[in-house]
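Going line by line, the protein sequences match chains A and B.
At position 545 of the first sequence (counting the first as 1) the number is 545 in the working numbering, and the numbers step up by one without a gap.
Throughout, the working numbering is defined as the position within the second sequence, counted from one, plus 1000.
For the record, the hints were derived by calculation from the structure and aren't laboratory data.
Fair warning: there could be bad hints in the mix.
Claimed, not checked - The calculated label-pair distances, taken between Cβ atoms and stated as ranges, are: (1) A:S32 - B:L1282: 50 to 58 Å; (2) B:R1032 - A:W200: 51 to 59 Å; (3) B:G1036 - A:V203: 29 to 37 Å; (4) B:P1239 - A:M1: 53 to 61 Å; (5) B:V1274 - A:L561: 54 to 62 Å; (6) A:T546 - B:P1239: 35 to 43 Å; (7) A:F565 - B:L1282: 38 to 46 Å; (8) A:R488 - B:T1195: 21 to 29 Å; (9) B:N1029 - A:G494: 26 to 34 Å; (10) B:F1290 - A:F556: 54 to 62 Å; (11) A:R488 - B:R1032: 36 to 44 Å; (12) B:Y1043 - A:T546: 31 to 39 Å; (13) B:L1282 - A:K531: 23 to 31 Å.
Note that beta-carbon positions come from the ideal geometry of N, C-alpha and C, so glycine has one too.
Now for the letters of each chain:
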Amino acid sequence: MDPLSLFFLSVIFLISFPSAVYSFGYLKNEASGKKQALALSLLVLFVAAMVWVVAARNLVVFLVAWEIMSLVSYFLVVFDSTQEKSVQAGTIYIVMTHLGTAFLVIAFLIMSKYAHAFDFASVKAACALMPEKTKNFVFICLFIGFGTKAGLVPLHIWLPFAHPQAPSHISAIMSGVMIKTAIYGIIRFVIMLLGVDSIWWGVWVLVFALISCLVGVVYALMEHDIKRLLAFHSVENIGIILLGVGLAMFFLSLHLYYLAVLSMIAGLYHLVNHAIFKGLLFLCSGSVYKATGTRDMEKLGGLIKNMPVTAACFLLGAMAISALPPLNGFVSEWLTLQAFFLGAGNVGSAGKLFLGVGAGLLALTSGLAAACFVKAFGIIFLAKPRSRQAQNAFEVSFSMKLAQVFLSLLTVVFGVASGVVIKLLAGICAFVLEVDATQMNFSLNNFVLSPQPGNALYLSPPLLALLIVVFGVFAFLAYTFFGNRKVRVFETWGCGYYKLDSRNEYTATAFSKAFRIAFSFFLLPYRKTQKIRESFYHVKSFSYETHTTPVFRKYFYDQILKIVFRSAKFGRRMQPGSIHLYLGYIFLTLLLLLVFMHKF
Amino acid sequence: MKIIILAVQLLTFLLLSPLISGLISKLKNNLRMRKGQGVLQPYYNLFKLFSKEEVISETASWIYRVTPFVVFASTLTAALLIPLLALTSPLQYLGDFLALIFIFALGRFFLALAALDTSSAFGGMGASREMFISSLAEPVACLAAFVLALQFGSSNISLFSGMHPVLLSSLIAAIALLFVAIAETSRIPIDNQETHLELTMVHEAMVLEYSGKSLALLELSAAVKQMIWFLLIAQIIFPMQAMPFSAGIGMFFWLGWFCLRLIIIAVFVAVLEVSLAKMRLLRVVDYFGFAFLLSVVALVCAIIGV
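With the hints as constraints, model all of the structure from the sequences given.
Structure, rendered in structure tokens:
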């Protein structure tokens, strides 16, 4: 095992263990005993397959493990096979994932053709001698193949279907870990085996990563199904991770090794962080589902009173994913932004412009993510319950709480102890990029990060945390001991009306309205209103729905599907049922094969 | 020594910041040919709020109660990032410009949650609008920081201070930051501090349910935040030396210039506020689109080297 595999192995176990613990409470009363046993064995198989993927040292072995991982996760997506939705989601997932695998097979075949072997060491040696054009082609194939698994826009289509349908602890593993194996693939095959030497590879990755960030977060803002919202955030965060990886490729091709290592650290750091907080958020959303039986945010609300532990855990996860200090998401986004900032000093004019706009778009993404999680937490956990299920919610069982609390503590630990984490990551990144990093320092000590010594650039998450706590306590003391101490609890002001209930609250749809209009050029929203009238003057009921057009599905996938169906219809003419014709086909095939044998 | 500087800096922010709000308010009234309230009115308000009874909504959870402390603490932490008396901030290992942006985001996040917590539709409206505006402001601030980092070597705020030549690029970046600051301090044309009309209020809608001491903490934090933004912009446009630690004429001039540059920005903001009307919410997109474009222009200037 080399450092890279060990790193991914630890991420896999870091998320899988709490998810497994969580599953005991989650599946209780949910499925029959047999089905629970099946779920557990599938979970073990799933984790084993992922371990195999990152441990493989041979193209064929990797592909087999990859395929097992995809198939087992398919079974887990359709685990609740009584639901029509699960089966449909599973189908989309398996078609897309095999499309990706097909591209991987092409890339691997070309690589092995040059190497005359399948093990990584000889492939690597052969790739160094590969002609430029072939190399570019292999890169594109690998990028599409792994991009599909990672959920990169426009190949993300399966993700918002598959992740919400799987049981929540599986969603946590799929979103937290499985899509990260695609990042592993890109690092292993593109950076380590193929070797980066064209600038446009890095630029290409960066452009797609930026698109993923923005598209993911904008779609997430529109969503009011909790798990779909989280799935779209996975698209966004994969984008942020790939920004780090893409920057590393970009700087590597410019021979800026220090910056390449820094960007790679940022990417891998965000990878761990995303695994932690996204795992946490999926587990919490599973708890909400378990307690209320719905994933629709518009029917939730006020859960913080009945589910205090889950609410606190979700809050920490939401803060981490919104990059709020001093939690882990903040540190890795800060590092990614600094990679943009510091890189600008070393590249040409066009590069500076590109990096500047890229940094701006990343900041936009994090701003939108914060808005999205204010919406998610505020609508689900705060104010008054919007339905009876939400009113009667109860806190989940101990094993589920344990897993949530463990992961939420990790969001704090990985934020505050970033100095230590960075040192560990520097070693891994130096190994990946084959750079001597013994002279490179990314932190002054365990408490202060300093991405570029000599530039007086510092960040100290522990100090930030300490100051916020100290000032908070100071303010609390001043609040408690000075001034008027009288506090009265009274109903919310309602403009003079009284007995305002949960129907007067702001909804998730209303919260995102401004965003829906601002991004309408991309979301193409439309509304359906229906009035049922008793007479001209009296409207008996009024219904209002608003939807956004799934642009990629409608204008890209549906069109492809149409073409496929049309050509299938055309191809059906080949099979008219005449035995003579079939014999002719066999003869023709034989003839072609003979020619093929002779020619090649 | 460091501890003293730290304490003096915190006290300066806490004691001086309401004065800037009072000054702007007075100026605005005078410009409109009104007499207006005294410059010290914000202090009276804070004092009054501190001795008032507090009313808390019955639907509110602990998020609502803890928010004033989080907002106050995060704002004070941000205040320590700014070099005030010396050329470097008292805790320069604490963070940089980007950290400042993210620390403000922490306070805003909690304030928006608290607004949703009371189940008042006003709060929801305010939270939605505030998050909308701030998410659009973030790329502008980030790109401006990028330009400044390109010119000064890194995004450490202490590097922007001291006597440095004011290049065109940093001037334009500072103007872009002023756009952000106007939005962040909830001023016209983005927001209006003086109104309690449901159609227009943003920040006021979020804090609508707060009263008494909690409201005092939130108002004080808003004032400190405003002073941080003004100081930051002043540092870039009007460079100045470190405080001379000697009693005498030098010290007097230093303090004069220190106050004057804040007053210049305050006057500018006040004139801007009386001469503009509040924008419709959706026009905020154009506002920040223009500001982002300004930042891009600043970046191009920085690349050319002017």
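Legend entry - Hints that the structure is at odds with (numbers, increasing): Per hint list: 3, 6, 10, 12 violated.
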